[in-house]
Amino acid sequence: MSSLKKDKKIVRMIRKGVSLIAVFIVSVSLYAQIDEAKVSEFVSHVAASSDYTREELTVIMNAAKYDQSIIDKISKPAEGTMTWERYRNIFMKDERIAAGVKFWDEYADVIRVVSEESGVAEEAIIGIIGVETYFGRVKGSYRVLDALYTLAFGYPKRSSFFTSELEKYLTIAKRENLDIYSVKGSYAGAMGYCQFMPSSYEAYAKSFEDGTRDLMTPEDAIASVANYLKVHRWSTGDRVTMKVSSIINPKEVSTKSVKPSNSLQYYSEMGYMPSGNMSPSAKAALIELDHEDGTKEYWFGFNNFYVITRYNHSKLYAMAVHQLGQAVKAAREGA
330 MSSLKKDKKI
340 VRMIRKGVSL
350 IAVFIVSVSL
360 YAQIDEAKVS
370 EFVSHVAASS
380 DYTREELTVI
390 MNAAKYDQSI
400 IDKISKPAEG
410 TMTWERYRNI
420 FMKDERIAAG
430 VKFWDEYADV
440 IRVVSEESGV
450 AEEAIIGIIG
460 VETYFGRVKG
470 SYRVLDALYT
480 LAFGYPKRSS
490 FFTSELEKYL
500 TIAKRENLDI
510 YSVKGSYAGA
520 MGYCQFMPSS
530 YEAYAKSFED
540 GTRDLMTPED
550 AIASVANYLK
560 VHRWSTGDRV
570 TMKVSSIINP
580 KEVSTKSVKP
590 SNSLQYYSEM
600 GYMPSGNMSP
610 SAKAALIELD
620 HEDGTKEYWF
630 GFNNFYVITR
640 YNHSKLYAMA
650 VHQLGQAVKA
660 AREGA
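Under the numbering used here, the final residue of the sequence shown carries the number 664; numbering is consecutive throughout.
No lab work stands behind these hints, which were simulated from the structure alone.
In this text, a Cβ means the ideal position worked out from N, Cα and C, and glycines have one as well.
All clues stand as given, with none of them false.
Lysine-lysine pairs mimicking BS3-like chemistry, simulated, CA-CA at most 27 Å apart:
{"#": "1", "residue 1": "Lys405", "residue 2": "Lys625"}
{"#": "2", "residue 1": "Lys367", "residue 2": "Lys503"}
{"#": "3", "residue 1": "Lys535", "residue 2": "Lys503"}
{"#": "4", "residue 1": "Lys503", "residue 2": "Lys513"}
{"#": "5", "residue 1": "Lys405", "residue 2": "Lys585"}
{"#": "6", "residue 1": "Lys431", "residue 2": "Lys535"}
Quick list of the computed label-pair ranges, beta carbon to beta carbon:
{"#": "7", "residue 1": "Arg466", "residue 2": "Asn606", "range": "35 to 41 Å"}
{"#": "8", "residue 1": "Arg415", "residue 2": "Ser369", "range": "41 to 47 Å"}
{"#": "9", "residue 1": "Lys513", "residue 2": "Glu424", "range": "19 to 25 Å"}
{"#": "10", "residue 1": "Asn578", "residue 2": "Arg415", "range": "28 to 34 Å"}
{"#": "11", "residue 1": "Glu617", "residue 2": "Val560", "range": "24 to 30 Å"}
Starting from the given sequences, assemble the full structure and let the hints guide the process.
Here is the structure:
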């Protein structure tokens with residue numbers, strides 16, 4: 330063999346070797362993302378404290394898959410960089426409002442009964458399901474098992490939280506007879522029409538009629554949303570928000586908290602005037618919302634606004650829920 334041919338053969342071998350090494354490194358890198366020691370510790374803990382055997386848990390953990398895209402998404406949540414104007418435009422579309430009217434019409438009897446029993450406004454239930462899953466159209470494409478496994482053992486920043494959620498998911502799956510391998514949800518492991526995390530599923534999910542809590546059914550999701558808001562002290566018949574009608578010689582007021590802590594009288598004295606008739610002693614939070622052009626709008630958020638933020642702590646989320654629910658109600662009544 331000539332020297333040139335030998336050199337080319339060596340180069341090909343080196344390239345092939347480098348490729349194999351690269352594949353090996355990538356494989357090891359992905360595998361290394363999972364803390365196997367914590368997986369083993371988790372299996373031991375759950376086996377000792379639940380109805381699962383170690384063998385069952387080992388099979389489940391071996392079936393769970395690490396997904397890097399989940400880590401990427403949870404590391405860069407989109408909402409944190411959004412203005413209210415952009416956020417609102419995602420949800421306040423004619424198509425979503427029409428879908429809300431259709432959903433409300435289809436489950437009107439369920440929504441009415443649940444609202445009467447819980448005291449929670451029908452439009453609040455509608456608003457949450459509409460924002461969370463587009464009335465069931467977008468419930469998530471990740472296996473909940475994979476999402477929770479990835480975050481519990483591959484995301485050290487919140488490992489404790491997601492390890493607890495994974496344990497609760499296993500508990501719920503056995504108790505409610507869910508197929509642990511097929512339930513799909515968000516990249517964070519939220520499930521069903523109302524996107525409950527396992528801890529919320531365990532604490533607040535409610536069956537509408539048959540005793541089995543299945544958030545993949547709209548009836549149980551409706552009952553569960555209402556129960557969640559009721560437990561967090563929804564005030565029957567009370568307002569959610571009121572727009573600030575005008576700002577006159579304003580003084581500095583904090584807009585960081587969504588918890589009602591000051592009276593409307595206080596805000597009036599600070600230059601923020603209410604647009605409706607309510608007792609001056611009514612407690613509210615001042616909600617500041619940004620527009621794309623740098624301008625701002627201001628609202629008063631009352632107790633029920635705060636209750637919605639217990640579902641999701643974002644003021645943008647709570648305002649979108651409220652306004653979508655109101656828009657669907659208006660469209661339905663005007664039809």
